[in-house]
Amino acid sequence: AQSVSQHNHHVILSEAASLELGCNYSYGGTVNLFWYVQYPGQHLQLLLKYFSGDPLVKGIKGFEAEFIKSKFSFNLRKPSVQWSDTAEYFCAVGPTSGTYKYIFGTGTRLKVLA
Amino acid sequence: KAGVTQTPRYLIKTRGQQVTLSCSPISGHRSVSWYQQTPGQGLQFLFEYFSETQRNKGNFPGRFSGRQFSNSRSEMNVSTLELGDSALYLCASSLGRVMNTEAFFGQGTRLTVV
Chain A
1 AQSVSQHNHH
11 VILSEAASLE
21 LGCNYSYGGT
31 VNLFWYVQYP
41 GQHLQLLLKY
51 FSGDPLVKGI
61 KGFEAEFIKS
71 KFSFNLRKPS
81 VQWSDTAEYF
91 CAVGPTSGTY
101 KYIFGTGTRL
111 KVLA
Chain B
1 KAGVTQTPRY
11 LIKTRGQQVT
21 LSCSPISGHR
31 SVSWYQQTPG
41 QGLQFLFEYF
51 SETQRNKGNF
61 PGRFSGRQFS
71 NSRSEMNVST
81 LELGDSALYL
91 CASSLGRVMN
101 TEAFFGQGTR
111 LTVV
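Those sequence lines, one after another, are chains A and B. Quick note, in this note's numbering, the first sequence goes up one by one and the last residue is 114. Quick note, in this note's numbering, the second sequence goes up one by one and the last residue is 114.
Check each hint, because a few of them may be wrong.
Stated by the list, open to error - If we take Cβ atoms under 8 Å as the criterion, some of the chain A residues that face chain B in the derived model are:
1. Ile12
2. Leu13
3. His43
4. Thr106
FYI, nobody ran anything at the bench for these hints, they're computed from the structure. The C-beta atom is built at its ideal place from N, Cα and C for all residues, glycine as well.
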């Protein structure tokens, strides 16, 4: 069965610190991968996505993620976080052939201290 | 281009009642999916509709049902509400039946069961 694991449930960083959020997925076929962000009181927004090609993808607001197929991972990174990055981050898989649904991880709450 | 619209934004219901939530997808999007978001559980997939047909269903009891209309608008119904149904219910729309596509989320309906 498809699943997505986010190992860091809560992360607290100071401004300017570097960020890496882990995401591992379980699926036997071709995957499409996403990171979504949910700022306090706002709806889920797409940060970045990977469909194919260059495994290092860049998204909005300076975020990037690297798809490592051999490790079934799609970790999110940002070299220097800002207070405004405080939010909840969700990794997701899908849709893939035959199943048009997105499988989400349980989310990582990031708090950035000013 | 208008985003995904969910109504109402907030609901308070008592145990045993039923509730209907509404979702209007982005114009041109034919796939609508519903998710339940609770702290610690992330987003749990409820079901997906495409062309008025339920294509995928998550692991939720039969009290949770939905439908999609010819204009792609969707409704979700929960009968015999339980306290554990308190959650943020999110609707996502996408082009549907198309690979390499992302989902766009509404702001959700916050359901509180007392």
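Double-check A/Thr106 for me: the hint is only fine if its C-beta lies closer than 8 Å to a C-beta in chain B.
Interface hint status for A/Thr106: holds (4 Å vs cutoff 8 Å).
Report holds or violated for the interface hint on A/His43, using the least CB-CB distance to chain B and a cut-off of 8 Å.
4 Å, holds
For the restraint on A/Leu13, tell me whether the closest CB of chain B is nearer than 8 Å.
21 Å, violated
Please check whether A/Ile12 passes as an interface residue: C-beta within 8 Å of a C-beta belonging to chain B.
17 Å, violated
Taken one by one, the earlier hints fail for this structure at numbers 1 and 2, listed in ascending order.
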